[in-house]
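Peer 1: Going down the list, the sequences are from chains A and B.
First residue of the first sequence: 1, per my numbering; consecutive thereafter.
First residue of the second sequence: 1001, per my numbering; consecutive thereafter.
Think of the hints as simulated: they come from the structure by calculation, not from any bench.
One or more hints might be untrue.
To be verified - Covered stretches of chain A, as calculated for chain B (at least 3 residues, CB under 8 angstroms):
id, segment
1, 43-54
2, 63-73
3, 395-409
What the hints assert, rightly or not - Here are the simulated DSS-like pairs of lysine-lysine, each with C-alpha atoms no more than 30 angstroms apart in a straight line:
id, chain 1, residue 1, chain 2, residue 2
4, B, K1342, A, K123
5, A, K186, B, K1005
6, B, K1481, A, K513
7, A, K480, B, K1342
8, B, K1465, B, K1540
9, B, K1028, A, K126
10, A, K433, B, K1028
11, A, K431, B, K1342
12, B, K1126, A, K540
13, A, K342, A, K400
14, B, K1342, B, K1028
15, A, K507, A, K123
16, A, K5, B, K1254
17, A, K480, B, K1431
18, A, K507, B, K1465
19, B, K1123, B, K1254
20, B, K1480, A, K5
21, B, K1306, B, K1254
22, B, K1126, B, K1254
23, B, K1513, B, K1005
24, B, K1530, A, K433
25, A, K530, A, K513
26, B, K1126, A, K123
27, A, K306, A, K235
28, B, K1028, B, K1005
29, B, K1480, A, K431
30, A, K5, A, K433
Here a beta-carbon is modelled for each residue, glycine too, at the ideal position from N, C-alpha and C.
Protein chains: 2
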Amino acid sequence: MRQSKVFIPTMREVPAEAEALSHRLLLKAGLIKQSTSGVYSYLPLATRVLNKITAIVREEMESIDAVEILMPALQPSELWEESGRWDAYGSELMRLTDRNGRQFALGPTHEEVVTSLVRDEVKSYKQLPLTLFQIQSKFRDEKRPRFGLLRGREFIMKDAYSFHADEASLDETYNQMYDAYSRIFKRAGINARPVVADSGAIGGSHTHEFMALSEIGEDTIVYSENSDYAANIEKAEVRFEPKENGEALLELEKVETPNAHTAQEVADYLNRPLEQITKSMIFKVDGEFIIVLVRGNHEINDVKLKTYFGTDNIELATQDEIINLIGAKPGSIGPIQEKGIKVYADNFVQDAPNLVIGANEDGYHYINANPERDFNVEEFGDFRFILEGEPLSDGSGEAKFAEGIEVGQVFKLGTKYSETMNATFLDNQGKAKPLIMGCYGIGVSRTLSAIVEQNSDENGIVWPKSVTPFDLHLITINPKKDDQRELGDQIYAELQQSYEVLYDDRKERAGVKFNDADLIGLPIRIVVGKRADEGIVEVKRRDNGESEEVEVSNLASYIDNLYTQI
Amino acid sequence: MRQSKVFIPTMREVPAEAEALSHRLLLKAGLIKQSTSGVYSYLPLATRVLNKITAIVREEMESIDAVEILMPALQPSELWEESGRWDAYGSELMRLTDRNGRQFALGPTHEEVVTSLVRDEVKSYKQLPLTLFQIQSKFRDEKRPRFGLLRGREFIMKDAYSFHADEASLDETYNQMYDAYSRIFKRAGINARPVVADSGAIGGSHTHEFMALSEIGEDTIVYSENSDYAANIEKAEVRFEPKENGEALLELEKVETPNAHTAQEVADYLNRPLEQITKSMIFKVDGEFIIVLVRGNHEINDVKLKTYFGTDNIELATQDEIINLIGAKPGSIGPIQEKGIKVYADNFVQDAPNLVIGANEDGYHYINANPERDFNVEEFGDFRFILEGEPLSDGSGEAKFAEGIEVGQVFKLGTKYSETMNATFLDNQGKAKPLIMGCYGIGVSRTLSAIVEQNSDENGIVWPKSVTPFDLHLITINPKKDDQRELGDQIYAELQQSYEVLYDDRKERAGVKFNDADLIGLPIRIVVGKRADEGIVEVKRRDNGESEEVEVSNLASYIDNLYTQI
């Protein structure tokens, strides 16, 4: 395609708010343009890459007998009320009202629609298993859209849903999807690591996320250097082995801690190690207040709390609620109280003697507090984030951390939707049972970002061959010169037979053309310049920068050979 | 693909409200399923056809240097306010408010977005012409969704927009698009006729619609049997040649016409031909009342009125407004009045002597009324629909009528959007000028309907090869029998090398399988039945029903040969 006909608005300077590498490069190389916060247009180069990604996704889905459909973005509120998510989904769900006053969601996901589709038509175990997928724009009203395509409000997803008569069949499809996802990301040129992830409080027993490693990751991955272990930090278990340190229990004592609110401030004021301080935080769990206790160097993980209590309805108490409840501000609360508020403590609180706890009185703490002796703990559990370097739960060694972008997720839904939406089938005994479901997502526009995040150098993008917008970049340095233009046209005509060629025929300075070519990052660049009259052009690889002068008569076979090597 | 894994919920009976042939067949053959009024899911067979249609569209667009992009469905209201369409578009525009209270349109079309995209980046005539297209779901809140995919609220469009430095360049792209559209519809198996269409009151100088002929057409096409003439009836001009019939003008006389309200009732009561009666209707044009007069056998065409008055703001006066204004009900109004309301009369009123007109008094008409002598006409013009059999404006003979579905439209927008949205470029003299634009749409989901509308018989769909969901339908009558199942599997494996095969391996009765196969309508059906043990199968063409028994050893070459003949 002639570059003069393509729309590639490359930029010199990108806006300062573009933090992520992929966001900067996608803007700079003219692939995307923001329409409004979190909403983008995909320009010609990006659209070509998206089409290649979706072609790979389609191939791999079809190879495991997933069948493509296309469901509507407009979803009647009635369906979401059936599943209970119309209220539960909150303000991320975009909603609208039609001319007749009926309410709709703009689909962020399609569990409700697909369940209603299948429940009307699938009646018997003979029609199972069934796996449906679609590729489509989705909508989510993100509170804080950012990182370009990584956290947008309108984005492209491949979503798939499978329906089964039994768990074994779900397991089989889950594993096929897991393998297909691994192939898809590999083919797209992404290093994506499957990690164990949290499946939320309600429904769903088992899930993996596919994380593309990147410098700006939105998620932290905990992994092992000695095993396959990898988990989202939200999910990564902390291994607890109680230690007997034999330290004598000292006498509980109330001390002044003026102006010390955070654990660090208390540690500094009392001149004690941070590990000896505790943090008490008050949460409201399904409306009931509880205290959660962790050591000063640890952070409470609310995803683990949700799983532990089996509810999504958990939030931090407000300062007003705490003052009403305890009579002290958040910086001074502790587990000794007569209000009957249950205390849940992280495992690592139990083997630490002589702790510092809040006194439930502003400006005071207790020192030498010990569980059981001084305060009651309802239950100990794993309520915190793992720290880098701590032992991993699989016993394979120390926890390593990496940043990653979630590009896919596979999820065993079980009967969450089929039960609430009454989607049943008759089993081979003629008995009605709820369909067993799985769901599987790939962020297609996120994948585009992840590819760029992982494939670039200081000059721009370096496309993997499988998804490159064009194979070859043919450049005439000065198309006003007849010999260059004619030779360029001739090479363009010839190479187009076997390759997708972007032909820079623009009347721009050579510097501009080379800059743009590096930014755009096609695998091979062919430059028709001063030696056009001799029939000699320069061929340069984008990945390693190696270049060579090549005789035109020899060019096609030279390119064939070089291209297979990349 | 094994039919047991595909989701094809064929139906015995379709809902009575499915009026259009394509709507009935798409439901019956299990291609679509309604989610809610005007909103559908595309099931696997439909999705495969859509993918083939879009592949044809992409190829033809790229062949004329149109470049694919993907713009967002979420469009900020600010852009629509710039173009003036936020208010003008009315209740067909779906609107929503995000979590921050900002308003968005859900795109029914993308003139605003594409103009804003291009105005920021295209600065010079050197960057022109530029043609961008996308394939995407669009949203329009139809007052009365119907005919399945033909008038839905969420539908798939290919829309393209071109940008030019001068009219000659626009003309060139317009003609290329026109030709590409002709090729696209032909390749998709549709007989689609380009017709001259109305371009609306504001902006746009020239437009063609592509009409697929069908029994249920939403539009009437006026065409010639002797020339290329074809026009939407909204646009088709009525040829007027004044006739002198020498009839004497009789004396104006007021007569009673009790209970006669319509032209036909008045004609019957007075025992006069319908042509001698007139209809007077009162319209409000940009807030001003006018009377429009046509003969009793003619119908007023409000699209022509809009063009004539150069405004979209035309509506019929309400009964209350008419009574207030004239003092009589709609059935008795006429052009003789002292209120100064301007009268516009259709051309064919001027050479008809001794007309019957309303007397502006309930229950009375005048007979023998003559323009100029008895009432003033501000202007005569072409204000009505042409009748079948009337002479065509191109002089090629009688008007013929056909029903059609609009599947595409090409449109010269001119500077309508670039002027209101301030999208300019510098011409080769360095002078800023508004971009000249064209826009071009294809209803992709409508095209799917139109294909079905034109390609079926009493048993179901008969797919054209170019867009068929699968090439071959392989059926084992009884897959429980080892010889049939094994032979079926063997043929499936072999033919899959060269064809897309739908393999009906379901444990269903033969009658169900044959019925489904006819409904689904793949070009060739291969049945493995009783003679499987002899290695003989039946091959049947869907289009003409011819069938033959074929030796399996010979099957592949037989199919190759037969398939090229279809």
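Peer 1: Now look at each hint and say whether the structure bears it out.
Peer 2: Hint check:
1. 43-54: Since three or more residues must qualify, the claim that chain B covers the segment 43-54 of chain A holds, with 7 doing so at under 8 angstroms.
2. 63-73: holds (count 8)
3. 395-409: Since 0 is below three, the answer is violated.
4. K1342(B) - K123(A): At roughly 67 angstroms apart (the allowed maximum being 30 angstroms), K123(A) and K1342(B) break the hint.
5. K186(A) - K1005(B): Holds: K186(A) and K1005(B) sit about 27 angstroms apart, inside 30 angstroms.
6. K1481(B) - K513(A): Given pair K1481(B), K513(A) is violated - Cα atoms ~67 angstroms apart, limit 30 angstroms.
7. K480(A) - K1342(B): violated (64 angstroms)
8. K1465(B) - K1540(B): At roughly 15 angstroms apart (the allowed maximum being 30 angstroms), K1540(B) and K1465(B) satisfy the hint.
9. K1028(B) - K126(A): holds (21 angstroms)
10. K433(A) - K1028(B): Since the Cα atoms of K433(A) and K1028(B) sit roughly 28 angstroms apart, the hinted pair holds (cutoff 30 angstroms).
11. K431(A) - K1342(B): Violated - the C-alpha atoms of K1342(B) and K431(A) are around 76 angstroms apart, more than 30 angstroms.
12. K1126(B) - K540(A): Distance ~28 angstroms between K1126(B) and K540(A) Cα, so the pair holds.
13. K342(A) - K400(A): violated (34 angstroms)
14. K1342(B) - K1028(B): violated (54 angstroms)
15. K507(A) - K123(A): violated (65 angstroms)
16. K5(A) - K1254(B): Violated, because 71 angstroms separates the two Cα atoms, which is more than 30 angstroms.
17. K480(A) - K1431(B): holds (24 angstroms)
18. K507(A) - K1465(B): violated (44 angstroms)
19. K1123(B) - K1254(B): violated (69 angstroms)
20. K1480(B) - K5(A): violated (59 angstroms)
21. K1306(B) - K1254(B): violated (33 angstroms)
22. K1126(B) - K1254(B): violated (71 angstroms)
23. K1513(B) - K1005(B): holds (15 angstroms)
24. K1530(B) - K433(A): violated (37 angstroms)
25. K530(A) - K513(A): OK: K530(A) and K513(A) at ~15 angstroms, within 30 angstroms.
26. K1126(B) - K123(A): violated (62 angstroms)
27. K306(A) - K235(A): holds (11 angstroms)
28. K1028(B) - K1005(B): holds (19 angstroms)
29. K1480(B) - K431(A): holds (24 angstroms)
30. K5(A) - K433(A): violated (58 angstroms)
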